[in-house]
Amino acid sequence: MDALILSRLQFAITTVYHFLFVPVTLGLSIFVALLETWYINSGSYEERIKLKKLVKFFGTIFLINFAMGVVTGIVQEFHFGMNWSEYARFMGDIFGAPLALEALTAFFLESTFIGLWIFGWDKLSEKLHCLCIWIVAFGSNLSAFWILVANSFMQHPVGYAIEGGRAVMTDFGELVTNPYVFGEYSHAFFAGITTGGFLVIVVSAWKIATDEVSREIFVRTLRRAVLYTLVGVLGVMGSGHMHAQYLAEGNPMKLASFEALWETENPAPFAVVADINQEARRNNFEILIPNMFSFMVHNSFDGEVKGINDLQREAVEKYGSGYYIPNDVRGMFWSFRAMVGAGGALLFIVFVTGCLVFFCRDKIKEHLCCLKLMPLLLPIPFIANSAGWYIAEAGRQPWIVVGLQKTAVAVSPNLSAGEVWITLIGFTAIYLFLAVLAVFAAVMFIHRTQITEEE
Amino acid sequence: MDLNIVWFILIMVLFTGFFILEGFDYGVGMMMFGRPKNERSQFVRAIGPVWDGNEVWMITAGGATFAAFPHVYATMFSTFYIALFLMLLALIMRGVAFELRGKFQYSDWTNFWDFGIMFGSFVPALLWGVAVVNLLRGLPIDYQMHYIGTFLDLLSPCALLGGIFFMLLFAFHGANFLLIKIADKKLLHELQQKSVCLGISSLIAFALFAGFAFADTDILAKLSTVIFLGLTVAALIASCAGAASGCGCKAFISSTLAIALLTIGFFTALFPRIMVSSISPDLSLNIYNAASTPHTLTLMTIAAAIFVPIVLIYQAWTYRIFKERVTPADIHYH
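From first to last, the protein sequence lines are chains Y and W.
Heads up, the final residue of the first sequence is numbered 455 in this note's numbering, and it's a clean run with no missing numbers.
Heads up, the final residue of the second sequence is numbered 334 in this note's numbering, and it's a clean run with no missing numbers.
Extracted from the complex, chain Y is given alone in its bound form (with noise of 0.2 Å):
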């Protein structure tokens, strides 16, 4: 393997392992941030003291997270200049902007607040205590929007002019309402809240179901982020929805990957299942649903969608003699039907669970063990998030951005395999022993704190 395909491999690898603490990160926040609203507007002495030690409590697996998410964070801002200098140079112009604007708006907000937040309990005002964390909310929020930015330029890009062999920026307007950006960034919004939200369900649900002490206080939480998580899966599947409609006119042909479509139809089927055979560019096997796809696509069952054999015809036109075929199609196709499962399963869980709290509470303590059964649940909404990066970042190959400049020109041009492999396996190394290590320390605090009404 060459110093490529490992950067390649690298990439993925750090990047996946960030974006499981960056969801929890932008959708926790917000819940600890409403939790600690409430306790502040709540009226009685007792509920405020069990409240309080709710925000505590999700505020320490926050931080936890958080800590994770920040520590990944800074070796994927490294990377695009240690591994894809070549990247750097062609693109700086234009991807230094947003990157330089996160850590200006919204790094040092969270960083600088976060710290406020875990030490000022009894230095700040009630009102300006919860204020930290709204702040906190905001610039995680606020940072996932311009890596988002960032991203959507190598996906789908705008207001640019190429001049002396690299992108420069023309309108930085552009840049940022980016119609790619929209659906990008309202979706990985909801991802958070969902996976957010859902891991508080799957803590609460645990806590119900084994410690009889926080039994009742943690009800409370459980209804809250049912209901929270119910917002986020709806608002993830209505922007994928919209994001995987626009994807028909914005890059169709991650579109075409994703759903293993070679030919263009009219109208064309939806296939649940395939056995995808790349190298002839067809399908030896298919179930399909009739006009299902173009329903999909056009709100309407008739309506074309280009397959993958056409726009690598049309690419060829455009950019000259290439494979411009995402190289691994069945990789997307399974990756968006597991993203979509996924989704579905939540939907499904969150709804029963709602059900269970809002109208079954009195026969809670009969389903304990299904509560206990929670935490099994609790990898769904993180194979989701993967799955729904893989496939963008897939579905990009084999540009780097996209019509601009392909991958294999972007690596940094000194680095040796060798070098490569030592980084590679270490970082693989430290985020490993790092993961044992930190979801060690969440589940025993889970475990081994309890929330009574006594101070």
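EDC-like, lysine to aspartate or glutamate: derived pairs with alpha carbons at most 16 Å apart:
1) 306/Y <-> 265/Y
2) 406/Y <-> 86/Y
3) 50/Y <-> 216/Y
4) 306/Y <-> 249/Y
5) 323/W <-> 122/Y
6) 306/Y <-> 263/Y
7) 123/Y <-> 324/W
8) 123/Y <-> 330/W
9) 53/Y <-> 126/Y
Simulated from the structure, these hints should not be mistaken for lab results.
Fit chain W to the given chain Y structure using the hints.
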């Protein structure tokens, strides 16, 4: 003054902020070496509320370099590939350690993470010193702005001396920070002695480094650099005197000044270059051939003019909130 010069100054400001603020964070981490657990906990508590915000100065310096001088970002980060990898490992350990060290009361658990904080403080301090010296000496950068040396070429004796100098300087600065943050009188007295020792050691290391720099680089050819570096020495001496006389405030303000003057001195030595090519002066990356377009620079100037002052205001406010000294009782707080 054109935008390229403005951005050279802004990058200098960001690195100055980074070296001052993370300088004492790294220093406090280094000062934990060999101390008992309850003292280490007080040290961690002293920087606990602020270290994360301080680290963003480095991230912003990196991001701003990317935006304003993309070629510098590309060449520098790919040149220092293995060094940055080691630094990232160190920073990852440190960041997670701050969060996890207090999660269990077992001393093995805390000791392990405190080792992570120390490792995560020594290594970046050393590597930044090595990196700065390499930037000043020049690196084999070819006509395509690519580094053509190896990792071991970066570890020349002069560079390692620079690394040791940075470690001592940051440790000194961190000790001075603790002088204004720790309440325990007995501990303060010990820290005061440590600080004086570290101050004198950094002065010696700086003198050796200046000798090397005189023989090995052209940085002392500029009068402005010589003046800034001379003032650095004066500030370091004032800082030592402050520590010796038991005035933590004076010691800390002077070491802050010393780091600022040193950084400014290095940047004036480089100007208008940012990365010096040892192959030919024509191949050096400078504020013009490595820069973004005026359009991007204008945009970033506006953003920096608005947000840097805002950041300074709320970070200063944070320091005000946490201005009290840390007592041994505070460590059970978090």
